[in-house]
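**Q** Residue numbers (my numbering), protein chains in the order written: chain A, 1 to 161; chain B, 162 to 308.
FYI, nobody ran anything at the bench for these hints, they're computed from the structure. Accuracy of the hints is not assured; some may be wrong.
What the hints assert, rightly or not - Cut-off 25 angstroms, straight-line C-alpha distance, at most; resulting in silico cross-link-like pairs (BS3-like, lysine-lysine):
id, chain 1, residue 1, chain 2, residue 2
1, B, K299, B, K256
2, B, K256, B, K230
3, B, K299, A, K161
4, B, K181, B, K287
5, B, K256, A, K161
6, B, K273, A, K93
7, A, K161, B, K181
8, B, K227, B, K261
9, B, K256, B, K287
10, B, K181, B, K261
11, B, K256, B, K181
12, B, K163, B, K227
13, A, K54, B, K195
14, A, K81, B, K195
15, A, K148, B, K261
16, B, K299, A, K148
17, B, K181, A, K148
18, B, K273, B, K287
19, A, K148, B, K163
20, A, K148, A, K81
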Amino acid sequence: MIFVTTGTQIPFDRLIRAIDEVYPYFGGIELIVQVAESGYKVENFTTREFIPPKEFDDYFNRAELIISHAGMGTIISAFVKNKPILVMPRLAKYGEHRNDHQLATATRFDELGYINVAYTEEELKEKLKSLQRTPLKPLFNIDDYASKELITSLQSFINLK
Amino acid sequence: MKILAIASTGGHWIQLLRLKPAFQDNDVVFVSTKPNFASTVNGYAFHAVPDASRWNKLQLIHSFFKVWKLISTTKPDVIITTGAAPGLMAVIVGKIRNIKTVWIDSIANAEKLSMSGRLATYFSDKVYTQWLHLANDKVVFSGNIIQ
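All chains, full assembly: derive it from the sequences and hints.
**A** Below you can see the structure in the form of structure tokens.
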């Protein structure tokens with residue numbers, strides 16, 4: 001199963017349209033797609049506006065691949081659950097976000113080799129078409145908590161009189 | 162020490178929860194904008210405040226008074242936030258009421274500090290960035306929430 005999640009606030013037509021267009025390449029694999037409602041009519045699958053937290057977790061755990069916007073919540077969850085993740089950053093010029101911080105984060109994490117990134121719809125479609133041949137792997141795995149350095153620093157600040 | 166740990170939804174909340182080991186041995190009150198988030202911090206006190214963004218002024222004022230009231234009743238010694246709008250409000254209230262505050266800017270801000278984070282530098286006792294290249298004399302880098 002592939003779990004597609006894009007945040008609940010603003011639609012992300014470019015991502016959904018790209019997946020819709022290459023759907024035949026998925027070879028019938030189950031798709032769960034969460035996206036805010038928009039004018040774009042999806043042809044090949046159904047989408048949901050909101051998925052309750054428990055169910056969301058369940059899909060996340062079951063998924064072979066996560067496709068998402070470059071939202072930190074999703075990216076961190078993929079790291080913790082050791083899931084392959086392919087992100088396409090939302091861009092302000094298409095009204096997909098207020099600014100381009102998703103592009104900045106995706107670029108940095110890409111450079112660090114932590115995530116798979118598609119910067120354009122074309123790139124996303126290319127990566128999705130070759131999924132059957134070359135499945136994506138998890139690139140980065142973390143445990144449940146922040147770095148020791150940050151925890152220790154915060155602790156000394158908390159205990160400061 | 163009593164800690165009030167506050168963040169809005171999504172990545173902000175997930176990042177706040179990753180700081181939990183820093184809170185141990187203290188009395189912690191978690192605050193977010195979705196009532197059902199209580200289930201993600203079982204065993205801790207939890208409160209929800211109304212959501213607000215910089216784009217809706219009325220909501221912002223409403224939310225600010227809720228945050229003010231919550232801080233008045235819980236009386237924390239330290240306020241810790243990973244953003245965004247509700248965290249900034251808490252930091253401002255903390256400044257006014259002489260409560261120690263710390264802002265941890267989201268790891269999503271890899272190119273520059275968030276707008277709220279830049280504002281927080283005026284009110285907060287300590288501001289962290291999670292990117293080394295964004296640290297300066299007002300903003301500290303000391304690791305991040307992922308490793």
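**Q** Against each hint, give a clear statement of whether it holds in the structure.
**A** Hints, one by one, checked against the model:
{"no.": "1", "hint": "B:K299 <-> B:K256", "result": "16 angstroms, holds"}
{"no.": "2", "hint": "B:K256 <-> B:K230", "result": "15 angstroms, holds"}
{"no.": "3", "hint": "B:K299 <-> A:K161", "result": "20 angstroms, holds"}
{"no.": "4", "hint": "B:K181 <-> B:K287", "result": "18 angstroms, holds"}
{"no.": "5", "hint": "B:K256 <-> A:K161", "result": "16 angstroms, holds"}
{"no.": "6", "hint": "B:K273 <-> A:K93", "result": "19 angstroms, holds"}
{"no.": "7", "hint": "A:K161 <-> B:K181", "result": "21 angstroms, holds"}
{"no.": "8", "hint": "B:K227 <-> B:K261", "result": "19 angstroms, holds"}
{"no.": "9", "hint": "B:K256 <-> B:K287", "result": "12 angstroms, holds"}
{"no.": "10", "hint": "B:K181 <-> B:K261", "result": "18 angstroms, holds"}
{"no.": "11", "hint": "B:K256 <-> B:K181", "result": "23 angstroms, holds"}
{"no.": "12", "hint": "B:K163 <-> B:K227", "result": "19 angstroms, holds"}
{"no.": "13", "hint": "A:K54 <-> B:K195", "result": "14 angstroms, holds"}
{"no.": "14", "hint": "A:K81 <-> B:K195", "result": "23 angstroms, holds"}
{"no.": "15", "hint": "A:K148 <-> B:K261", "result": "22 angstroms, holds"}
{"no.": "16", "hint": "B:K299 <-> A:K148", "result": "22 angstroms, holds"}
{"no.": "17", "hint": "B:K181 <-> A:K148", "result": "12 angstroms, holds"}
{"no.": "18", "hint": "B:K273 <-> B:K287", "result": "17 angstroms, holds"}
{"no.": "19", "hint": "A:K148 <-> B:K163", "result": "22 angstroms, holds"}
{"no.": "20", "hint": "A:K148 <-> A:K81", "result": "20 angstroms, holds"}
Figure legend: structure checked against the earlier numbered hints; every hint is met.
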